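> One letter stands for each residue in the lines below.
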Amino acid sequence: MKKSYSLVIGSITGFINGIFGSGGGILAVPMLHKAGFEERKCHASSIAITLPLSLVSAFFYSAKGSIDWKTALPLIIPGLIGTLFGVFFLKKIPNTLLKRIFGIILIISSIRMLML
Amino acid sequence: MNTVFSCIAAFLTGIAASMGLGGGMILIVFLTVFCGISQIEAQGINLVFFIPIALSSLIFHSKNKLIEWRDIIPSIVTGSIGAILGTYAAEHIGSPVLGKLFAGFLLIVGIKELFSKREKDIK
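Note that the protein sequences, when read in sequence, are chains A and B. Count along the first sequence from 1, add 1, and you get the number used in our numbering. Count along the second sequence from 1, add 22, and you get the number used in our numbering.
Derived from the structure by calculation, the hints contain no laboratory data. In this text, all values refer to a predicted model and were calculated from it rather than measured experimentally. Every residue gets a Cβ at the ideal spot worked out from N, C-alpha and C, and that includes glycine. Hints should not be assumed to be uniformly reliable.
[To be verified] Computed list of lysine-lysine pairs in DSS-like fashion (alpha-carbon distance at most 30 Å, straight line):
| hint | chain 1 | residue 1 | chain 2 | residue 2 |
| --- | --- | --- | --- | --- |
| 1 | A | K4 | B | K139 |
| 2 | B | K134 | B | K87 |
| 3 | B | K85 | A | K93 |
| 4 | B | K87 | A | K35 |
| 5 | B | K122 | B | K134 |
| 6 | A | K4 | B | K87 |
| 7 | A | K93 | B | K134 |
| 8 | B | K139 | A | K93 |
| 9 | A | K65 | B | K122 |
| 10 | A | K93 | A | K35 |
| 11 | A | K3 | A | K35 |
| 12 | B | K122 | A | K4 |
| 13 | A | K71 | B | K122 |
| 14 | B | K87 | B | K139 |
| 15 | B | K122 | B | K139 |
| 16 | B | K122 | A | K3 |
| 17 | A | K4 | A | K35 |
| 18 | A | K3 | B | K85 |
| 19 | A | K35 | B | K134 |
[Unchecked claim] Covered stretches of chain A, as calculated for chain B (at least 3 residues, CB under 8 Å):
| hint | segment |
| --- | --- |
| 20 | 11-19 |
| 21 | 49-58 |
| 22 | 64-71 |
Sequences and hints are given; from them, build the entire structure.
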């Protein structure tokens, strides 16, 4: 991958992950794919990019008092159990099926939020 | 907030997040729509939640040699600057408008994922 392209991926991913507190990874995946990364490597590398970016954003959110630690911390244990499942499934489930399922969930969620 | 529902939501988020499918977006929807938490607070919670999840899945992915570290270091450098700018933009916009922008972003990503072409692995 060209260094300049890598810099562009980072800028877009970082800004979106900062403004929406999420979603950087989902943008990074297709961009990494365009750079010739195999699908599973795209997903894994997107996490490697978004982790440090999330650390940076979380620091600034925290500094501004925008983090409710009491709500956030108890979610981590069930989240980690889900991660174990995710890591297992990433090797087993066809990528296209994953995308379709996730796309439907996102569309339903967005309509719900736009109607609120 | 209902503990059982929270645990289920966190579990599902963990699965999606570890796959790089942007599971955090689902957690934010859960926190804002079902728990009545403001958009910015929900985003802050998701960022904290994502850190240990990402760390643990990275260990597995790294062992499976799925990460091209050399290629992505420049992304992390510019991404950190972008993350700071994005965080300030979020604070400036405020939760009500940010929530609608976020929903629009979800819709675009959702449609793109749903209608994405079947892709064969390149490498």
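> Does the structure keep A/K35 and B/K134 at a Cα separation of 30 Å or less?
holds (15 Å)
> A/K65 and B/K122 were given as a pair; does the straight-line alpha-carbon distance stay at or below 30 Å?
Holds, at about 22 Å.
> Is the listed coverage of the segment 64-71 of chain A by chain B valid when you require three or more residues with a beta carbon under 8 Å from a beta carbon of that chain?
holds (count 5)
> Sort out whether B/K85 lies within 30 Å of A/K3, counting only the CA atoms.
holds (25 Å)
> At least three residues with a C-beta closer than 8 Å to a C-beta of chain B: is that true for the segment 49-58 of chain A?
holds (count 10)
> Would the hint linking A/K71 and B/K122 be met if the CA-CA limit is 30 Å?
holds (26 Å)
> Quick one, are B/K122 and A/K3 close enough, alpha carbons at most 30 Å?
Measuring from Cα to Cα gives roughly 35 Å; hence the hint is violated.
> Measure nothing beyond the straight line between the CA atoms of A/K3 and A/K35; if it is 30 Å or shorter, mark the hint as holding.
With a Cα-Cα distance of about 11 Å, the restraint between A/K3 and A/K35 holds, given a limit of 30 Å.
> Three residues minimum, CB to CB under 8 Å: does the segment 11-19 of chain A make the cut for coverage by chain B? Let me know.
That given contact holds, which follows from 9 residues of the segment 11-19 of chain A lying within Cβ reach (below 8 Å) of chain B.
> With a cut-off of 30 Å on the C-alpha distance, tell me whether B/K87 and A/K35 pass.
holds (20 Å)
> B/K134 and B/K87: Cα distance at most 30 Å?
holds (28 Å)
> Given the hint that B/K122 pairs with A/K4, test it: the Cα-Cα distance must not exceed 30 Å.
violated (34 Å)
Checked against the numbered hints given earlier, this structure breaks hints 12 and 16; the rest are met.
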